[in-house]
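Engineer: Sequence:
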Amino acid sequence: MKKLYLIVNKGVFNVRINPELHKRIYQEALKDGVSLNAFVQNVLKKDIMKHGIN
Numbered sequence: 001m002k003k004l005y006l007i008v009n010k011g012v013f014n015v016r017i018n019p020e021l022h023k024r025i026y027q028e029a030l031k032d033g034v035s036l037n038a039f040v041q042n043v044l045k046k047d048i049m050k051h052g053i054n
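Under the working numbering, residues 1 to 54 are what the sequence shown spells out, in order.
If you are wondering where the hints come from, they were derived from the structure by calculation, not from laboratory data. Think of the CB as a built atom: it goes at the ideal place given N, C-alpha and C, for glycine as much as any other residue. Errors might be hidden in some of the hints.
[Unchecked claim] Derived DSS-like pairs: lysine-lysine, alpha-carbon spacing no greater than 30 Å straight-line: (1) K46 / K3; (2) K10 / K50; (3) K31 / K10; (4) K45 / K10; (5) K10 / K23; (6) K50 / K31; (7) K31 / K46; (8) K50 / K23; (9) K10 / K46; (10) K46 / K23; (11) K3 / K31; (12) K3 / K23; (13) K31 / K45; (14) K50 / K3.
[As the list claims (entries may be wrong)] Computed beta-carbon distance windows for the label pairs: (15) L4 / V34: 29 to 37 Å; (16) K23 / D47: 32 to 40 Å; (17) G11 / K46: 34 to 42 Å; (18) V12 / I53: 19 to 27 Å; (19) L4 / Q27: 34 to 42 Å; (20) I25 / K3: 14 to 22 Å.
Using the sequences provided together with the hints, build the complete structure.
Structural biologist: The structure is reproduced here in structure tokens:
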């Protein structure tokens, strides 16, 4: 069994994605009138909730 360690999360992480995906995400954020950061947060939150994770 894998050991679980308590980690203090700062709320910051970098994700490397290909330029085309970056462009598409940015365009969707513009359409929604939100920042790229806010858009990605919303997408991640919706996906987590869909999987029943709080």
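Engineer: Is the Cα-Cα distance between K45 and K10 30 Å or less?
Structural biologist: Status holds; Cα separation ~17 Å.
Engineer: Next pair to validate is K46 with K23; report whether the Cα-Cα distance is within 30 Å.
Structural biologist: 21 Å, holds
Engineer: Does K46 lie within 30 Å of K31 when you go C-alpha to C-alpha?
Structural biologist: 18 Å, holds
Engineer: K46 and K3 were given as a pair; does the straight-line alpha-carbon distance stay at or below 30 Å?
Structural biologist: 28 Å, holds
Engineer: Using the C-beta atoms of G11 and K46, is the stated range 34 to 42 Å upheld?
Structural biologist: 18 Å, violated
Engineer: Taking 32 to 40 Å as the stated bounds, is the beta-carbon spacing between K23 and D47 within them?
Structural biologist: Violated, since K23 and D47 (Cβ atoms, about 21 Å apart) do not stay within the stated range.
Engineer: Sort out whether K3 lies within 30 Å of K50, counting only the CA atoms.
Structural biologist: 27 Å, holds
Engineer: With respect to the beta-carbon atoms only, verify the hint that L4 and Q27 lie 34 to 42 Å apart.
Structural biologist: 38 Å, holds
Engineer: If you draw a straight line from the CA of K10 to the CA of K46, is it 30 Å or shorter?
Structural biologist: 21 Å, holds
Engineer: Check whether the Cα positions of K50 and K31 lie no farther apart than 30 Å.
Structural biologist: This hinted pair holds, its Cα atoms lying about 23 Å apart.
Engineer: Against the 30 Å threshold, does the CA-CA distance of K3 and K31 hold or violate the hint?
Structural biologist: 43 Å, violated
Engineer: Taking only the CA atoms, is the gap from K10 to K23 under or equal to 30 Å?
Structural biologist: This hinted pair holds, its Cα atoms lying about 26 Å apart.
Hint check: violations occur at hints 11, 12, 16, 17 and 20; the rest are consistent with the structure.
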